[in-house]
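K.L.:
With chain A fixed as given, assemble chain B onto it according to the hints.
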Amino acid sequence: MSATSKKYWLVLLAIGYLSDCRKPYNPPVITTPNNYLVVDGVINTGTETITSINVNRTRNLGDTVIGGIPELNAQVAIVTGNGATYPLTDTAGKGIYTSIPLTLDINQQYGITIKTSDGRKYASDLVTPKQTPPIDSLYIQQPYDLTFYVNTHDPAGNTRYYRWDYIETWEHDAQLQTGWTVVNHLIVPMDSTTQTFQCWSTVNSSTILLANTAILAQDIVNAFPIETIPNGDDRVNNKYSLLVREYALTADAYNYWLLIQKTSQKLGTLFDLQPSQLVGNIHPLSNPNEPVIGFMSASSIRQKRIFLYQTNLTNWQHNTNVYQCDTLGIPVDRTDYRIYTYPDTLFAPYYFISGGPLILATRRCVDCLLFGGTNIKPSYWK
Amino acid sequence: MNNLHPYFFIGCLSLLFFSDSLGQNTKKISGSFEKAPFSQLAGKIEAVSGYHFYYDPSETDSLRITMTFDQITVTELLNRLFDKTDFRYAIDSPGRIFITRHFTIQTRLPTSLTDSGRIRSRPEDQPILAEDRETQEKTKILLPAENKLLEIGDRTRRPAPGKATIAGYVKDTKTGEPIVGAYLNIDTLSLTVLTDQFGYYSLSLPKGQHILKITSTGMKDTRRHIIVYTDGKLDIDMQESIASLKAVIVSAEKRSNTRSLEMGANRLSIKTIKQVPVVFGEADVMKVILTLPGVTSVGEASNGFNVRGGSTDQNLILFDEATIYNPSHLFGFFSSFNPDVVKGIELYKSAIPEKYGGRLSSVLDVSMPDGNSKKWSGTAGIGPLTSKFVIEGPLKKEKTSLIAGVRTTYSNWLLNILPASSGYSNSKANFYDANLRITHIFDPKNTLYLMGYLSSDQFNLNNDTVYKYGNRNANIKWKHIFNNKSFSLVTAGVDHYQYSVSDDKQPLNAFRLGFNINQTYFRSDFTYSPGNKHVISYGLDAIYYQLHPGSFDPIGKSSLIIKNTVPAEQGLESAVYLGDQYTVSSSFSVSAGIRYSVFNYLGPHTVYDYAPGLPRQTTTQTDSTFYGSGRFIKTYQAPEIRLSARYSLSNEASLKFSFNTLQQYIHMLSNTISISPTDIWKLSDPNIKPQQGRQYSLGYYRNFNTNTIETSIEVYYKQLDNYLDYKSGADLVLNHHIETDVFSTKGKAYGVEFLLKRLTGRLNGWISYTYSRTFLKQDDPLAGEVINKGKYYPASFDKPHNANFIGNYRFSHRYSLSVNVVYSTGRPITLPLAVFSLGGSTGLYYSERNQYRIPDYFRTDISINIDGNHRVKKLSHNSWSAGIYNVTGRQNAYSVYFTQENGAIKGYKLSIFGTLIPFVTYNIKF
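Chains as they are written, first to last, in my numbering: chain A, 701 to 1082; chain B, 749 to 1674.
If you are wondering where the hints come from, they were derived from the structure by calculation, not from laboratory data. It should be emphasised that the depicted structure is a prediction, and the values quoted were computed from it without experimental measurement. Among the hints, erroneous ones may be present.
Stated by the list, open to error - Computed cross-link-like contacts, BS3-like style, restricted to lysine-lysine with a CA-CA straight-line distance of at most 27 Å: (1) B:896 / B:922; (2) B:1122 / B:792; (3) B:1193 / B:1281; (4) A:821 / B:1537; (5) A:962 / B:1437; (6) B:1494 / A:962; (7) B:1539 / A:962.
Unchecked claim - One side of the interface only, derived from the structure: several residues of chain B facing chain A at Cβ under 7 Å: (8) 1154; (9) 1359; (10) 1362; (11) 1368; (12) 1581; (13) 1583; (14) 1588; (15) 1652; (16) 1657.
The beta-carbon is built from N, C-alpha and C at its ideal position, and this holds for glycine as well.
Isolated chain A (complex conformation) (with noise of 0.2 Å):
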């Protein structure tokens, strides 16, 4: 053989080998929309408390939407063994359905039912209310990193499988307070409805968290952790704030609730888990292959609130003036000193200096909601 023709088989073989190894695999099954039912929350089974139920759907795996699709103008209620029903309302339009304050007999036993705004009828099994034992404690112990973890127990032994989540709220402030906000391109002086020196930021759990005390003689959880900050993390810059709750599960809402703490993980490596089937308690009554994701469990919701301030902590890496402050001066306008028409946004009026200039700082040096958050002091602030 020539060395001419080996090339020419050589190349051919290139191509044939390697062009076009992977290709985008989307059957019908795959990008049809696949928006099934998503049924959330908890039936609430304390004294003179909300119920509530967040109604979503799922997304396609190609969409980039984060969070589900809310499930508007359902009709949602709580159903109890006896025939009672309490209906759920969606006031704020986003899907998440509640109810009046109730105190339901926990010797009933409830589910839920949904008639979606196609006619589509849904029900979760009757499940028997589980009493939630309050929260013992909740604390912190700081090595470096710092974890904050709860402790709780059931005398009577009755709970055994718990889950928590958590809401947690900090606080961050602008580097420099001003006293002076735009409105309509007027200067005017803050309240505390438009302040932008004190802004709280609010974020619930992404994971779920699960413990149990089956094998154990007593029904004792002790130091589970919740939720561990790295040392140095800006959201114990000021004060930070965790609400955790407490939700007693029945051993069969506890496996459904462990397989969604499996799937939730990350994909495509070389620890991918095996994919989990969801089966959960939740069913169609229209059409009984159509999947509902959801495992309706229903207790009393114990929580507990712990407040912490830098100042709690040791060795603490504090990042202090991360951003660098420009200021500037700008002669004030001289008919109506409130006039302002300065263009660039990357600055915010100050401070006026008496017969000088309005001194203008970077704005993410003055106004902390750049960094999200709201400007509200939340009630429970202290």
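P.N.:
Below, chain B alone, put in the same frame as chain A:
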């Protein structure tokens, strides 16, 4: 075994002295022989005298010499030796001794007949010149022994009624290579026996005259006219059928399917294997196995194969008795077996002989040749991706032979020349393997075999993660023949398999993830054939396992990876077995065997205890117990039954039945979603029970057209217990307590296999179709979840329809065309269907387990084989093979996987051979 002759020592005890002071003709010799073959005596005489013997080994192979002599001449010795036999001898002046039968060679012109001291002649013998004899021989040179009456045993004993046993080796006359699976049969007695893996046979038959027919694939049919006086040895040489155009590849296989007792067994010689076109033109054992009915693979270029609805870890793959854990190279593109050091394969699918155990689905026995014992020869092959070189020959003629082979790839440069835009220019892939086998014949009753095997693979696919794996095996076998009725085979060896994944590109998280399996084994197999009606086999074997199920180590000082090592596991699997093949009548035979296997899970190991009545989860671990080194942690034991029966409906049709129970103490767990396989091997332990299988099968075999077309239908039904499947969300890699992530399932598999085969003529090949299903069921709520609502669900290797066509058409002696067509249903897959948010967490909603399938698989390959000229005496033979793999260019899915990109989950189908691939391979044989 009752008749243990001290024959083994004869080579050491035989003495031979020459007094050299006298002339050649009167040279005196002394010696002592006990049942020695003629060749031994001749060799001794040649060694110490100037004489050379000329004789036909096939004529003297029935001779056994028992005599003691002291200070006699060669002439006296030969007179004594051949007295009362029909052997004649003649000695000419240069010192050549011609041994013949029935006639005497005249070494001088007839005028010198007066020199009667040199030539013993009898009235009935017509002396002829040696040259005349040679020309006579030439006219029938192919079958010199066929027309002779061969005497077996000691004629001097009075012929007595009764039976005698003859035994010996069937070998290739050219290379001395033993022929496995050759059929010896005596039509008048309806007797058939097969040669074993060493080419050895034992045949019990009435004393007297018989015609023994010998047939074997790829060899010319031959026959021996024998007269049996007493037990004796008969070695048979067969000739390769060189021109297979009109005459036959045949016979053995064409008869075997209706006549043999084996059911669901496929035996293929390397010659048949080499006719199947494969990618890159390299004959491939594994690819050919995949064309057999009942054998499938999970995907293209995947490691391993599935037999009758079994998983890939349920196949025992033996390469010359060594267990091979990974039979594939280069992501499965090539098999680990260099085709030039493979003699043939046997695949047992249903009636698994009792001497094999430890796997549920099948036994694949890949045999290696002994190496040419007569002359040095070799083969070399050059293909687009690999080159190989094999050399074989006698270290000591007819005594010690060697075969050694190496094969390597040079695909790296191919990947390197690709343009960067192809996305594969950073990829690297290479492998090599090396084989060595030495056969040493101490004497006709003792043979030693040594084998060594090494394979290594390394690849990375356009990223820095490097995958490596390799097999290392060595063993030593001693075959000892006690007598014609019994022999033993004792084997000891070590097997090692390792694999690893490493990435050292980024110093901060440079890691190596490593696994290995080590086993040390001892086997002793005994075969006893008291008569042709029974072949009794029994034996004992033991395997000591040590597994390292995963270690995660940092590479370099700056790596922040934390070392994580799953502790080693130890186990001892031992078994005794006893089986009998009983030929009830010529049309009915039964094989029954029992194997009793015991498995000990050994320390040192820490075993977790779980709360009774609760799912095994990390949260239900109540305690852990540490067992010290060598402690017996858990013992499992069970009898295994192997039954099969054949009933011949006619000469051309038979019915076979088999029932098997099997145990398997080692499990493979595979992370199938990711594209990079990281299999975990796991021994049975207190929490993971052994897998158990039962298989019933029934087959109907019918040959047509004077046995040139064979057809078969086999149906089977299998039950599986304790087959491991994964819990939802199972985490397999580096799991210290894998029992929390798996559960045992009950399984059932059933199917029907059709085969139509024609192995003769210009057009030959086979068509097979298999319908097979495998279902698993997990309905135990104590596992923590039920799968698919507790219903039977398809196993991940369930592929209902499989069809294969292999066809060869010979245009002439030199040109042939091969076509290979493969179709199979895509394998099941669990697809993610949607993304949900629940409890603040985002997850994937998956379909029911294995509810969907990847696209069906279809491929057609064509190749043309051109042989060099067929002159037998040519110094070297070369051949070309050119063809196209995947002619239709179909993009068959190798793997389907999902990955997160910019917030969306994207699915990808990876096809390896996405277009048609031409190839050319050149082979040279010298």
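K.L.:
Each hint: holds or not?
P.N.:
Evaluated hints:
{"no.": "1", "hint": "B:896 / B:922", "verdict": "holds, 20 Å"}
{"no.": "2", "hint": "B:1122 / B:792", "verdict": "holds, 19 Å"}
{"no.": "3", "hint": "B:1193 / B:1281", "verdict": "holds, 24 Å"}
{"no.": "4", "hint": "A:821 / B:1537", "verdict": "holds, 22 Å"}
{"no.": "5", "hint": "A:962 / B:1437", "verdict": "holds, 26 Å"}
{"no.": "6", "hint": "B:1494 / A:962", "verdict": "holds, 25 Å"}
{"no.": "7", "hint": "B:1539 / A:962", "verdict": "holds, 23 Å"}
{"no.": "8", "hint": "1154", "verdict": "violated, 23 Å"}
{"no.": "9", "hint": "1359", "verdict": "holds, 4 Å"}
{"no.": "10", "hint": "1362", "verdict": "holds, 6 Å"}
{"no.": "11", "hint": "1368", "verdict": "holds, 5 Å"}
{"no.": "12", "hint": "1581", "verdict": "holds, 5 Å"}
{"no.": "13", "hint": "1583", "verdict": "holds, 5 Å"}
{"no.": "14", "hint": "1588", "verdict": "holds, 5 Å"}
{"no.": "15", "hint": "1652", "verdict": "holds, 5 Å"}
{"no.": "16", "hint": "1657", "verdict": "holds, 4 Å"}
In the structure shown, a violation is registered for the earlier hint numbered 8 alone.
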